[in-house]
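J.: Now for the letters of each chain:
Number of protein chains: 6
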Amino acid sequence: MKRLLITGAAGNLGKICREGLKGYADVIRLSDLAPMDPAGPNEEVVQCDLADRAAVHELTKDVDGIVHLGGISIEAAFDDLLQANLLGTYNLYEGARKNGKPRILFASSNHAIGFHKRTTKLDDASEQRPDSLYGVTKCYGEALASYYNDKFDVETVSLRIGSCFDKPRNRRMLSTWMSPRDFMSLIKAVFDAPMTGHLVMYGVSNNASKWWSNDHAAFLGWNPQDSSEQFRAEIEAASEAEDRHDPAVIYQGGPFASAGHFED
Amino acid sequence: MKRLLITGAAGNLGKICREGLKGYADVIRLSDLAPMDPAGPNEEVVQCDLADRAAVHELTKDVDGIVHLGGISIEAAFDDLLQANLLGTYNLYEGARKNGKPRILFASSNHAIGFHKRTTKLDDASEQRPDSLYGVTKCYGEALASYYNDKFDVETVSLRIGSCFDKPRNRRMLSTWMSPRDFMSLIKAVFDAPMTGHLVMYGVSNNASKWWSNDHAAFLGWNPQDSSEQFRAEIEAASEAEDRHDPAVIYQGGPFASAGHFED
Amino acid sequence: MKRLLITGAAGNLGKICREGLKGYADVIRLSDLAPMDPAGPNEEVVQCDLADRAAVHELTKDVDGIVHLGGISIEAAFDDLLQANLLGTYNLYEGARKNGKPRILFASSNHAIGFHKRTTKLDDASEQRPDSLYGVTKCYGEALASYYNDKFDVETVSLRIGSCFDKPRNRRMLSTWMSPRDFMSLIKAVFDAPMTGHLVMYGVSNNASKWWSNDHAAFLGWNPQDSSEQFRAEIEAASEAEDRHDPAVIYQGGPFASAGHFED
Amino acid sequence: MKRLLITGAAGNLGKICREGLKGYADVIRLSDLAPMDPAGPNEEVVQCDLADRAAVHELTKDVDGIVHLGGISIEAAFDDLLQANLLGTYNLYEGARKNGKPRILFASSNHAIGFHKRTTKLDDASEQRPDSLYGVTKCYGEALASYYNDKFDVETVSLRIGSCFDKPRNRRMLSTWMSPRDFMSLIKAVFDAPMTGHLVMYGVSNNASKWWSNDHAAFLGWNPQDSSEQFRAEIEAASEAEDRHDPAVIYQGGPFASAGHFED
Amino acid sequence: MKRLLITGAAGNLGKICREGLKGYADVIRLSDLAPMDPAGPNEEVVQCDLADRAAVHELTKDVDGIVHLGGISIEAAFDDLLQANLLGTYNLYEGARKNGKPRILFASSNHAIGFHKRTTKLDDASEQRPDSLYGVTKCYGEALASYYNDKFDVETVSLRIGSCFDKPRNRRMLSTWMSPRDFMSLIKAVFDAPMTGHLVMYGVSNNASKWWSNDHAAFLGWNPQDSSEQFRAEIEAASEAEDRHDPAVIYQGGPFASAGHFED
Amino acid sequence: MKRLLITGAAGNLGKICREGLKGYADVIRLSDLAPMDPAGPNEEVVQCDLADRAAVHELTKDVDGIVHLGGISIEAAFDDLLQANLLGTYNLYEGARKNGKPRILFASSNHAIGFHKRTTKLDDASEQRPDSLYGVTKCYGEALASYYNDKFDVETVSLRIGSCFDKPRNRRMLSTWMSPRDFMSLIKAVFDAPMTGHLVMYGVSNNASKWWSNDHAAFLGWNPQDSSEQFRAEIEAASEAEDRHDPAVIYQGGPFASAGHFED
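Going line by line, the protein sequences match chains P, E, S, H, L and F.
For what it's worth, UniProt numbering labels the leading residue of the first sequence as 1, then goes sequentially.
For what it's worth, UniProt numbering labels the leading residue of the second sequence as 1, then goes sequentially.
For what it's worth, UniProt numbering labels the leading residue of the third sequence as 1, then goes sequentially.
For what it's worth, UniProt numbering labels the leading residue of the fourth sequence as 1, then goes sequentially.
For what it's worth, UniProt numbering labels the leading residue of the fifth sequence as 1, then goes sequentially.
For what it's worth, UniProt numbering labels the leading residue of the sixth sequence as 1, then goes sequentially.
In isolation and in its complexed conformation, chain P is listed as follows:
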């Protein structure tokens, strides 16, 4: 791959990708609204507001693939989500459509399906049940990706990411954790595949406790290597038992499901 664009490069996932994808493409173009570290070798750094259509169309030129992590990744005021996640994602897809149709890894979220119970095993055919306005914007992003694939042949893997940190940080993450290493191998599998169409996947490591199946995506050949199980004792020792009558424990979305409305 000649040039890979990573949006949201200043965020947690963006930093993981910047570090982890070094060398995967001849050039990595990094973009964020926030300031980023200066460009290193084989890097381009472009500060850019996703809500600025012209800037995004410029940003998406001459790239062979896009890892779209940009936008807001927590619950937020609707008007902010409107700009960053609804308008911003549209701008990105229009940029891709006009600029050679690079394949996109779209960072969707488990919060697009957060109102399913933890006792329910999901796959790509499970209905969306967003747990937050943020989750609704991810459902929208998946619909947009489906549309651009069906009509314009812009391919997307919509990755419903669990939680990606060095290690799981609480009991819920024992089920939702994706290691940075597994995330990197997944991104490579996505861009190395001959075709993907629009594919919904779950971004999660090979944890002992599983809520989600990627069986339908086995053609990609992605087999995560890490498991949260090694951290179980440590986490359980450091936290209280979960209350099974708490919506944050009943539903996959965790605290997003139990939170009230976001009031700005």
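No false leads were slipped in.
Repeated chains share a single entry, so a pair holds when one copy, or any two copies, can fit it.
Distance condition first, Cα-Cα at most 25 Å in a straight line; then the derived BS3-like pairs of lysine-lysine:
| id | residue 1 | residue 2 |
| --- | --- | --- |
| 1 | K101 | K117 |
| 2 | K117 | K188 |
| 3 | K61 | K22 |
| 4 | K188 | K167 |
| 5 | K2 | K22 |
Derived from the structure by calculation, the hints contain no laboratory data.
The hints should help you fit chains E, S, H, L and F onto chain P, whose structure is shown.
T.: Relative to chain P, chains E, S, H, L and F alone:
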């Protein structure tokens, strides 16, 4: 029902509802961005921009049910859809949440699933495959409705409307037509039901040729009485045979599926 | 058919069958623990306690079919259900096994699936979710019927009966009502069929509002003719609207689902 | 339609079609290995052996649709089936491919699925379970039709015909009967449809007792009008009850399922 | 966990649990109708007849979890099963309901589904097909557990146990074997989980030959470590090949499926 | 096993089996139309044309199992396929039926399902979609095998073989490759199993990239040990990237799907 709000009351569907629902509620509140006929007996007329949050919160006060037809109902420039369908629908749901949680009939559209082939029979579990930016906004509306039901107990029937006119206007509508009479009986079934949760349904009469099943919604007791079949001969005489290699014939969305991108 | 046995003949369903099946068999043998009207032409009346094994084995001699309505048909103390529904049904199946293996119409109940929501459409593959101890005994009866069919070739139609009266008596019965006429035609379809194996069906008329599908049993050729819809206006006028937060409204089992434990 | 080819025109189904499709096309071309009545107005009569490739390629010229009833339609010696049904059907599809790709109504048979039990409801996704060598050749024909559609865009409706006579002739046909009138309306629906792809359907009237579903094909708009039920009394009076331990009663294929091997 | 109750503690499974769960709870309360070894450290030993309601209600006081192995675990006379498995299990659930609603691991059995063929892969949605009266009582127990969960929030894992011994004892057990070690880790996973609702699982190790899937229960994080494969050569050398026409080989229940009726 | 017949013994798969199954049966009978190496110890070599019925009936005498690899295994002229694959396979099954009904491993092919997309995960319930005339003959073979099992109790495992070589030879084989070692262990699992009925399986190793599931066949206990992944770097270095608009890349059948018609 004491007071029913109908948004989009100046449009085609809105006029059908205004006429057809007379007497169903003590008061019908009619709203649109465009001018409407003056209020008749038991009517209230409120001109309102769905993108105006405060106005919408005022509009949704003291109502027991909402037929949400407002917003843009054809393919349009994204920035217009953003205001009317993305922001506007959010404003409406927030209004409902703050004002007693009336049940909502949300006018979704067959264009939320328009990239399925006509040879595929769909039900509520079929994946969304929008055929247009307009269709994407309807997928978004369904996700928003799911969220408000799961978290705030605001119930919605998301009705994927086919085409609602006095009679079908072309060959495709032989499959997608919903008679105004069937539409009215459906609205009544929705608001008379003891509960609906968030329910996805198809708005279509009992046509001979069927693409969609409402079997899962049989608890509502809605059994459409009309069929497009009586108009078949007339329509086939007045139009050319369909070309099976035309995307507008292959896909359920018809011309929405074959159209290129909307350029404003 | 030469001789048909009806158990529970003194009850509501039993009386409907006694009247409605006149002439269907050369002889109708009627049985109950309670006193019954004296035998009319072509009738045999046998008072019998289902918990009395020897008596039941005698009762089941020389019959070509059994309509098993006997036992307790409402929530009751477990010890009473144990005798009538657990022991009694076993005795009946043993009688059938030893006496020529007549086919059995087993009166199961919607209370075997009463904890499914009304918004869920069920068929024969839906999991059992009993709403009462009574419902649990019906699940047991279905399991027993499955066993006797698989191992001993005693065939059964386990009929999950909704509510069988002259007309529906409340709003819930608009969905669950089976007319006596439809019940009779169903019984005949069951005994006239060349084979049934063990078949789970729903006993319900062709109501507008439907919770259950008998599609899988279409080979029987039973097409109910009646609908509760003609009684809707009358019932709605005579009763209050249903509260969607009431478990008796949420769940198919109605008041059985909302009732606390039976304390004797 | 300008010219419709009917193969097997001298057989039972062929005669029904010759009579029933008069006027449906400008010209009906009739073909069989056996002698046929001379051509009437708007008819062409061509005697032709389906195993003769050159003749079949000639036969399929200048036609807009093919009703392929030709070949052997009962159990027979394999070597005969090889010529008529394996080689013959291939010749027909090659003819269609080379001559403008007319749509084909392929007379498949219930004997392609005859080893399913009568208590099992089938649809187009049910696995093939042929009950005879004849049935195996129909499975082959369906596979061939699938191939020609996927690779060459030759469309086919593979119609698993039950039994098509003026009226049902035995108890089994109460479930499998298709009236000639319904068969004709089906053929017209198939050729009038804008597209079919490769579609597997069941050829059966709207009988009370049903083994098969055409729900997936509802886009065609075919709704059979006749039912075997009017003949039930007459047939049951004229025949013995069925023995549920007889394979011919257990399985959908009837006597085809119980017959031993065809020995020539 | 403070106190765990194990019923059926004098039996094979009970002894395995007594040994294997040492230290898992502060106190293990052991119960059986039969005499048990005297209480060791952190143990309580209570002889108790499950059919004695008052005694069972006493037994279930002050416990945080119950492993319910009690009752009869082989085919037996119905009257014995009635007392031990039908009445006994009811008594246990009533005890749990009245005494703080501890979670229950209910020892169901593969004999609840023993009339499925070995060539059929089952999961929790597979229909019950009991192979014995014993199996029927296990179906009943699962229904009871479903009821107590839905109505009273008493959670249960209904574990359809294959065969739990130090090593597999015959060819069938190569597929059904659960090692004591895997059983213990499963019990811990069940009681450590934040919630289970009513969950049907299969109790089987990670054998090479599999009839059952626990995929739906992956949220529990139980991954059995043992496999019967290491014993295959030894077992095959010591036993005759299986006859594929023997019901004990055709059906999952093995000899339970082929046995005639239990005559006492 | 006393005597195992391998047809097609002179071909690629035949040679792998001849070598790999040494010692598995007391005698291996090898057959092909082409010349084979002379018989070694415990071998019988029989040159035989599958189209010669009498010879095939002789060939199938006194064997306990058949690995049927014979016939044409690439796209070919229909008339050649007719002799070798349609007539030849029939002759083989007739031989088996008349000669003690040995179990058969039938070499079906991925080309029976080659027009499914690579992004679709298949199992045994997936519909056949042959990609070639050769693929159609394999669909026919599977139907024939189903028939002989249902009617005559001749069991078959229809193995849809991917590609069996020492190592994968191109990018597509990274998904379809079955190692010779895994093929041998599969054959042994098939013949060692107590029963198989008619079972459709996929012949593929445990590759990282998977298109097919054998989950339904887990009762066999076959767990392939090899993976193509070790060859990925070598193959990708030696070949160009795949074009996602090429039918040979879109469809599972690879070049069989993109090839035009076979013209002889």
